[in-house]
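For the protein sequence lines, the chains are Y and L, in the order given. In terms of numbering that gives the first Met the number 0, the first sequence opens at residue 0 and continues consecutively. In terms of numbering that gives the first Met the number 0, the second sequence opens at residue 0 and continues consecutively.
No wet-lab data here; the hints were simulated from the structure. All figures in this text were calculated on a predicted structure; none of them were measured in a lab. You may find that some hints are simply not true.
[Unchecked claim] Derived list of chain Y stretches under chain L, where covered just means 3 residues or more per stretch with a C-beta under 8 angstroms from a C-beta of chain L: (1) 39-51; (2) 69-82; (3) 122-135; (4) 149-162.
No residue lacks a Cβ here, since even glycine has one placed at the ideal position from N, Cα and C.
Now for the letters of each chain:
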Amino acid sequence: MHRRDVLRLLATGTALQLAPRGLLVTLAEARRLLSDQSTLRTLNPHQAATVRTITDLILPRTDTPGAADVGATEFIDLLLTEWYSQPEQTLFMNGLADVDSRSKALFSKEFVDCSASQQSEILAALGDHMIEDATEHPRPQFETSFTETNFYAMLRRLTLTAYFTSEKGATEQLHFEIVPGMYDGCHTITPAKGVSEQK
Amino acid sequence: MSEQTTYDAIVVGSGITGGWAAKELTEKGLKTLVLEAGRPIVPEQDYIEHVPTWEVKFRGLGDRKQLLADQPIQSTCYACDEWSSKFFIKDKELPYTTPPDKPFRWIRGRQVGGRSITWGRQSYRWSDLDFEANSRDGIAVDWPIRYKDIAPWYDYVEQFAGISGEALGLPQLPDSKFLPPMEMNCTEKLVRERISKHFSGERVLTIGRAAILTQQHGERSACHYCGPCERGCITRSYFSSLNATLPAAEKTGRITIRPFSVVHGISFDSKTRRANGVRVIDSRTRAAIEFRAKVVFLCASTLESTRILLNSSTTEFPNGLANSSGELGHNLMDHLMGSGAEGYIPGNEDKSEIGRRPNGIYMPRFRNVKSKHPDFLRGYGYQGGAYRQGWERGVAMVSFGPEFKNSISRPGPWRFSLYGFGECLPNHNNHVELDKQNLDAWGIPTLRISCAWGENEEAIRKDMAIAAAEMLAAAGARNIEAGAQEDPPGFAIHEMGTARMGRDPKTSVLNAFNQSHDVKNLFVTDGGAMVSSSCVNPSLTYMALTARACDYAVNQMKKGEL
Numbered sequence: 000m001h002r003r004d005v006l007r008l009l010a011t012g013t014a015l016q017l018a019p020r021g022l023l024v025t026l027a028e029a030r031r032l033l034s035d036q037s038t039l040r041t042l043n044p045h046q047a048a049t050v051r052t053i054t055d056l057i058l059p060r061t062d063t064p065g066a067a068d069v070g071a072t073e074f075i076d077l078l079l080t081e082w083y084s085q086p087e088q089t090l091f092m093n094g095l096a097d098v099d100s101r102s103k104a105l106f107s108k109e110f111v112d113c114s115a116s117q118q119s120e121i122l123a124a125l126g127d128h129m130i131e132d133a134t135e136h137p138r139p140q141f142e143t144s145f146t147e148t149n150f151y152a153m154l155r156r157l158t159l160t161a162y163f164t165s166e167k168g169a170t171e172q173l174h175f176e177i178v179p180g181m182y183d184g185c186h187t188i189t190p191a192k193g194v195s196e197q198k
Numbered sequence: 000m001s002e003q004t005t006y007d008a009i010v011v012g013s014g015i016t017g018g019w020a021a022k023e024l025t026e027k028g029l030k031t032l033v034l035e036a037g038r039p040i041v042p043e044q045d046y047i048e049h050v051p052t053w054e055v056k057f058r059g060l061g062d063r064k065q066l067l068a069d070q071p072i073q074s075t076c077y078a079c080d081e082w083s084s085k086f087f088i089k090d091k092e093l094p095y096t097t098p099p100d101k102p103f104r105w106i107r108g109r110q111v112g113g114r115s116i117t118w119g120r121q122s123y124r125w126s127d128l129d130f131e132a133n134s135r136d137g138i139a140v141d142w143p144i145r146y147k148d149i150a151p152w153y154d155y156v157e158q159f160a161g162i163s164g165e166a167l168g169l170p171q172l173p174d175s176k177f178l179p180p181m182e183m184n185c186t187e188k189l190v191r192e193r194i195s196k197h198f199s200g201e202r203v204l205t206i207g208r209a210a211i212l213t214q215q216h217g218e219r220s221a222c223h224y225c226g227p228c229e230r231g232c233i234t235r236s237y238f239s240s241l242n243a244t245l246p247a248a249e250k251t252g253r254i255t256i257r258p259f260s261v262v263h264g265i266s267f268d269s270k271t272r273r274a275n276g277v278r279v280i281d282s283r284t285r286a287a288i289e290f291r292a293k294v295v296f297l298c299a300s301t302l303e304s305t306r307i308l309l310n311s312s313t314t315e316f317p318n319g320l321a322n323s324s325g326e327l328g329h330n331l332m333d334h335l336m337g338s339g340a341e342g343y344i345p346g347n348e349d350k351s352e353i354g355r356r357p358n359g360i361y362m363p364r365f366r367n368v369k370s371k372h373p374d375f376l377r378g379y380g381y382q383g384g385a386y387r388q389g390w391e392r393g394v395a396m397v398s399f400g401p402e403f404k405n406s407i408s409r410p411g412p413w414r415f416s417l418y419g420f421g422e423c424l425p426n427h428n429n430h431v432e433l434d435k436q437n438l439d440a441w442g443i444p445t446l447r448i449s450c451a452w453g454e455n456e457e458a459i460r461k462d463m464a465i466a467a468a469e470m471l472a473a474a475g476a477r478n479i480e481a482g483a484q485e486d487p488p489g490f491a492i493h494e495m496g497t498a499r500m501g502r503d504p505k506t507s508v509l510n511a512f513n514q515s516h517d518v519k520n521l522f523v524t525d526g527g528a529m530v531s532s533s534c535v536n537p538s539l540t541y542m543a544l545t546a547r548a549c550d551y552a553v554n555q556m557k558k559g560e561l
């Protein structure tokens with residue numbers, strides 16, 4: 000694999016899942032090169048790579064684009080720079096550092112250098128912690144506040160927002176139409192297979 | 000060429016009531032000047048309802064730091080968002096004060112069209128349950144009108160505005176001249192059946208009655224269900240002064256709309272005992288200008304109209320023009336909002352909605368209609384609706400990956416909500432006064448607002464949450480969450496009173512035709528005129544009262560009485 004290919008894959012966020020482990024050194028170099036061209040203002044190259052990896056694990060490319068395809072990392076950087084307060088930004092940055100602490104403790108590597116299954120294991124642990132936090136500090140379900148107190152909840156909200164409010168996410172994944180031109184309150188749909196969300 | 004300063008009529012404000020006054024007065028032949036404090040709005044440029052999330056910088060989250068700096072109060076309103084914050088005032092320019100223990104949220108819009116651009120469009124008639132309420136309870140003063148006085152004017156404004164809804168034949172919520180109703184979705188229909196059965200038909204769920212067209216109406220098109228009405232509507236499908244009444248007034252060739260015109264006072268001629276001028280500061284040049292007319296309609300919104308009168312004292316009226324009663328500024332009301340319940344409704348998993356219906360459901364008042372409630376006077380109605388949860392539900396989940404992505408992209412469980420709008424009793428102590436120490440951006444004295452909920456309101460607030468939870472249970476809801484939010488007055492944006500109507504000039508500011516008892520050519524037809532608050536949304540009643548007052552004023556002018 001040439002460095003240019005690695006760069007391309009990295010830009011789309013798929014490299015870390017596809018790349019053979021021997022390429023890690025090249026990857027590290029590639030990340031630096033990529034970051035030189037980047038316009039990110041708050042996330043450093045390593046943080047950006049971590050965010051890109053996690054967002055693409057949450058919403059990967061399937062037959063529709065994934066989080067990296069729609070620039071989720073760039074949107075997150077924008078919010079961290081211009082939208083969040085200082086304490087919220089700190090919560091996020093500390094959370095990112097904690098991701099690496101976890102990966103180092105478990106696998107003696109930074110998160111981005113872990114295998115996909117190792118990364119999934121770490122996300123699962125972050126999810127468990129998020130549930131514990133939510134149980135300890137319950138919030139009414141109808142509260143729609145964008146501010147979170149848990150890093151992973153914050154990152155998940157940012158990832159989903161970045162994706163589903165993007166043009167590709169909204170139109171290709173959600174089939175959003177700006178002007179539906181009609182209202183049907185009882186339209187028959189095919190229920191999703193193998194997914195039960197009944198409350 | 001110098002600007003024309005003399006007209007037949009002056010209307011202060013261009014929102015819901017100013018638009019109606021402009022239409023009625025010009026159509027009856029009066030050369031009318033509409034003074035609007037804010038800027039002009041050009042629908043083709045300024046409406047943004049079809050701008051998608053990906054074309055705004057913060058994807059709909061709004062420029063949070065800017066909003067907190069410039070619009071900390073306004074941005075607590077859902078509609079003051081990344082798209083529509085431009086239709087709300089800058090809080091710094093238009094300050095007001097409150098006692099520390101009595102917060103009040105004053106949500107305002109200053110532009111041609113006023114708050115009619117961003118209003119909630121819910122439109123309901125009041126009934127004699129409302130117009131007789133003060134008399135029956137021995138509270139405040141009696142309304143000088145009854146339902147029969149206003150009914151023909153409801154007919155009149157509804158037929159022009161276009162109100163979609165379902166006729167129910169209920170005495171406490173009279174039917175309008177309806178356009179076809181919007182459709183209830185299948186879960187709302189399911190909930191309606193279950194609640195009706197459980198409460199023996201006494202509690203009725205119906206589709207919201209909305210000033211949104213469900214079919215072509217004159218030159219205005221039917222709703223195309225894009226969703227966010229508060230950003231404008233290029234097909235003019237919902238009623239606003241910009242979409243409907245102001246264009247009608249323009250057709251007469253007799254209207255002059257003057258934007259950037261901040262009205263701060265009304266001049267009074269002590270010989271004729273008539274208002275003989277409207278004092279304006281041009282917000283761009285800061286020049287002071289006075290306009291003259293035979294009749295003046297204050298339609299600047301409840302508290303702004305009252306502020307103008309309080310700021311217009313004369314030797315005859317030291318406490319504010321048209322205030323011989325001393326009631327000007329008093330009896331401020333709003334609706335209680337934010338208490339209710341939500342839950343999940345199982346079933347209809349194979350059904351979803353197409354289109355974004357800009358309207359919910361309504362449940363007419365059922366408390367103190369047939370039997371007396373032990374804890375409170377008056378009552379409340381509910382608004383809400385059923386919807387399938389969207390991708391946002393995925394935030395709180397722990398799963399990730401392709402299956403997760405696919406799953407949260409599909410409609411989630413059905414959620415159903417009921418939130419109350421409760422009546423607020425008129426109370427002399429809930430009042431505003433002029434604050435000459437604190438001036439706004441144009442040097443005009445501001446308002447000190449002192450308003451708090453009373454015991455009756457607190458009892459209603461509690462009942463709104465409990466009764467909603469009981470109905471959700473009857474409807475088979477799961478995971479019901481009930482809440483009695485302590486929103487301060489003002490937040491329902493139904494502020495009314497402070498220049499009430501009444502029969503007796505000693506206890507009221509306006510007569511039965513919204514005409515000042517003291518100054519015969521002065522009319523106030525916005526929410527300021529209200530004597531009680533009912534529990535239903537007030538705008539339709541403001542429209543009917545305005546059209547009725549214009550008819551009366553022009554007849555009086557023809558008789559030489561004004």
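Consistency of the hints with the structure:
1. 39-51: With 0 residues in contact (Cβ-Cβ under 8 angstroms with chain L), the coverage given for the stretch 39-51 of chain Y is violated.
2. 69-82: Our answer is that it holds, as 5 residues pass the Cβ test (under 8 angstroms) against chain L, meeting three.
3. 122-135: holds (count 7)
4. 149-162: holds (count 6)
Hint 1 alone, counting from the list given before, is not met by this structure.
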